[in-house]
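Undergrad: With chain A held as given, fit chain B onto it using these hints.
Order-wise, the sequence lines are chains A and B.
Under the numbering used here, think of the first position of the first sequence as 2, with each following residue one higher.
Under the numbering used here, think of the first position of the second sequence as 38, with each following residue one higher.
If you're looking for bench data, these hints aren't it; they were derived computationally from the structure.
Keep in mind that a hint or two might mislead.
[Claimed, not checked] In the SDA-like style, the derived pairs of lysine to any residue whose C-alpha atoms are separated by at most 25 Å in a straight line are: (1) K418(A) <-> S136(B); (2) K296(A) <-> Q298(B); (3) K200(A) <-> A295(A); (4) K296(A) <-> P422(A); (5) K418(A) <-> G182(B); (6) K169(A) <-> K181(A); (7) K296(A) <-> M188(B); (8) K349(A) <-> T143(A); (9) K336(A) <-> H70(A); (10) K351(A) <-> L367(A); (11) K147(A) <-> F395(A); (12) K418(A) <-> G300(B); (13) K418(A) <-> T223(B); (14) K147(A) <-> T107(B); (15) K388(A) <-> V63(A); (16) K296(A) <-> I299(B); (17) K388(A) <-> V129(A); (18) K418(A) <-> N197(B); (19) K418(A) <-> Q129(B); (20) K200(A) <-> S193(B); (21) K249(A) <-> A402(A); (22) K195(A) <-> I291(A); (23) K296(A) <-> G182(B).
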Amino acid sequence: MRSHTLLRGTAAAAVAAFLLVGCSPASAPSPSASGSAAPSEPTEPITLTVSVFNEMGYEGLVGEYTKLHPNVTVKLDRAATSDEAREKYMSGIAAGSGMADVAAVEVDWLPEIMESADALTDLTDPEVEGRWLDWKVAQATTADGKLVGYGTDIGPEGVCYRADLFEKAGLPTDRDEVAKALGSTWDDYFALGKQFSAKSDGVGWYDSADAIFQGMVNQVANPFSSTMPEETLIPLDQNTEIKAIYDKIMQSSADGLSAHLQQWQPDWQNAFQNNGFATMLCPGWMLGVIEGNAKGVEGWDIAPTFPGGGGNWGGSFMTVPSQGKNIDAAKELAKWLTAPEQQIAAFKAKGTFPSQVEALTSQDLLSVTNAFFNDAPTGQILADRAKAVTVVPFKGPNYFAYRAAISNAINRVDVDKTDTPEESWATAVSDVSALG
Amino acid sequence: MSAPSAVTAPPSPPPQPAQRAAWRSSLSQLDVRTAPYVYIAPFFLLFALVGLFPLVYTAYVSVHEWGLITGDQGFAGLANYAYVLNQPRFWQAMGNTFSIFLLSSVPQLILAIFIAAVLDANLRAKTFWRMGVLVPYVVAPVAVGLIFNQMFADQSGFVNAVLTSLGLPPVGWHAESFASHVAIATMVNFRWTGYNALILLAAMQAIPRDVIEAAVVDGASRLRTFFSITIPMLRPTLIFVIITSTIGGLQIFDEPRMFDQIGLGGNDRQWMTITMYMYELGWGSQRDFGRASAVAWILFLVIITFALLNFWLTSRIASSGSATTGASRLMRKTKGGKR
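Here chain A stands alone, though its shape is the one from the complex (with noise of 0.2 Å):
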């Protein structure tokens, strides 16, 4: 930003606005089909962009989605991280074009697109129905039954651990007897770990409290705002439901079971490495970021339990905005990428883990073990996990804003420690009012 001149800084938000959008590809121009052609399948040879981010896993179905529609070229255009996809998303939806023809979006964001569900295709289609988990459906349609987007993949939640940390406190080590231990509520969850605290000299018990934090908010159904049509706020100070669990995961972070990292720091990197913390709650996605992370560390294993019932963390859908030129042909292709067979090999290639039933009973899936994890059957408890979540919150237009103030409160006392608890919760109070 240093060498740029002054106009250009000043003026970086109406320049992104109309700017950037003309930089981003737009899909290949395609002779207009004359109306005589099924709506579905081209006559003539057209290109079909794809956004994705991270690792969705689709690099090798593209070719052959091409095998089986030979007019239909697909290229994947691929952003970093989400935050890069959102961005491209929101310009792309303001200016009315620039956008992919199949685009992925991530849960986390999802509230703040449907606001404009105008501007996306309705995807509704009896031959779909009853593909997908109930609340992953459930995430992607409006109020007035319009769905927006084909669910991908789900973050079911585990618990990791590390066995030889156990081992050495006393604790069981096997997964199905650490699940028993583990118990079935959060409260049991942070008895196990001042037992384990006890005997492990300054070893936290869990990496991070604004980790337990997402764990605990995602069972709450309408955690910051009541529910649709309309988001209404609930204001921080009256947030009861809110404050108890902040407070719960305060005490167990002054009771010393926390390890003071916040998650995706350096520190946090690190502590894989040195013995940091003992256990984790980890969505399906987080066994590849864990094995990355602690490379040439053994003991890792995963606990087919989660405390307070089951959880989701994350997960994607794939949209089809309306603004582009063959939208029959991309809804086609959405619909087939997000089918479970495309999904499950989606899982194999980066393991982002199917959302839809018919996968979850599937023998490839339920097969997949993981050898860092001690060989454990991932594929079949993941899959229990995913059928144990009951929950999921209601995420408003301003849940990741709300979410954030939070996460900065917990933060500031775990890991900053700049600020007490009750300070912390004051500033979180006045940040979430400036949202409005």
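TA: Quick look at chain B alone, frame taken from chain A:
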């Protein structure tokens, strides 16, 4: 800009009608007058398109209620400005920006002048040293951010490891506000000191050697020569460097954004700068272009104010009190060039 004049018209052709000569003459007159503007026009046309238009348009957006996706929601008057100016986070961001700006610009300039003076001396392998100071500038800011982020990690970072091995307490680089500013300023200084040093070096080499020699003959010490001749004669360059670092420093974004993985400026916004605040309002939590544009315009005005202020200050500091360029006059002054 060669200017063919009617007087030196080619002599070879036979006498021409007087009318035609007059026509030619006025054409070339026109050429002389307008050509420079035509040559420079592309820049200004481009500037109008990518500079002036967004600037004016941002002002237009800032007085409207304007969502990232939802677009124009109607005229809002100065409500966006009022909202922004009433936010404690805005003032916090302003404070952080100035703190980081001062922590980076001041040591950076002093160091750059010093390095330039050293490079100006008779060194072996001059080009090697001169290119060497520019190497950090070549490293991408994001890479610098990643490296420094590791080095300044609170628990497992290199810097804290050194501190504790010296028996000092570790510093909460990502927890304490001032510490985080120091860390970010270090990143900025790492990248920009060499760049500024080279600019100042070029200016130093343009100082006539005989002036310095005259001073030495008059018995001035090296230090005295440096402060009484070199610094005052660097004045135009210093003004340029200070104004560009003011503009850049107040717009600082990359380094603080890369200082942690989340990029919001810390859990208590310890190192959130004004551009980061603008980004958060526009693309982050609120998706509100109206408010973000208001911040952009406030920042624009602040930068103009400070650039002018620095211009004025620099003119006073670096000049010897008179507009003269004669070095001998400078030498005669008793207080000449004192900072």
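Undergrad: Now tell me, hint by hint, if it's right for this structure.
TA: Against the structure, the hints come out as follows:
1. K418(A) <-> S136(B): Judged against 25 Å, a Cα distance of about 22 Å means the pair holds.
2. K296(A) <-> Q298(B): Given pair K296(A), Q298(B) holds - Cα atoms ~21 Å apart, limit 25 Å.
3. K200(A) <-> A295(A): 23 Å, holds
4. K296(A) <-> P422(A): Violated, at roughly 35 Å.
5. K418(A) <-> G182(B): Cα-Cα ~24 Å, so holds.
6. K169(A) <-> K181(A): 18 Å, holds
7. K296(A) <-> M188(B): Holds - the C-alpha atoms of M188(B) and K296(A) are around 21 Å apart, at most 25 Å.
8. K349(A) <-> T143(A): Violated. K349(A) to T143(A) sits at ~32 Å, over the 25 Å cutoff.
9. K336(A) <-> H70(A): Distance ~14 Å between K336(A) and H70(A) Cα, so the pair holds.
10. K351(A) <-> L367(A): Holds, at about 16 Å.
11. K147(A) <-> F395(A): 17 Å, holds
12. K418(A) <-> G300(B): 20 Å, holds
13. K418(A) <-> T223(B): Holds. K418(A) to T223(B) sits at ~24 Å (cutoff 25 Å).
14. K147(A) <-> T107(B): 19 Å, holds
15. K388(A) <-> V63(A): 30 Å, violated
16. K296(A) <-> I299(B): 24 Å, holds
17. K388(A) <-> V129(A): 20 Å, holds
18. K418(A) <-> N197(B): 17 Å, holds
19. K418(A) <-> Q129(B): Holds, at roughly 19 Å.
20. K200(A) <-> S193(B): Status holds; Cα separation ~24 Å.
21. K249(A) <-> A402(A): Roughly 22 Å between the alpha carbons, so the hint for K249(A) and A402(A) holds.
22. K195(A) <-> I291(A): Between K195(A) and I291(A) the Cα gap is close to 24 Å, so the pair holds against 25 Å.
23. K296(A) <-> G182(B): 24 Å, holds
Hint compliance for this structure: hints 4, 8 and 15 are broken, all remaining hints hold.
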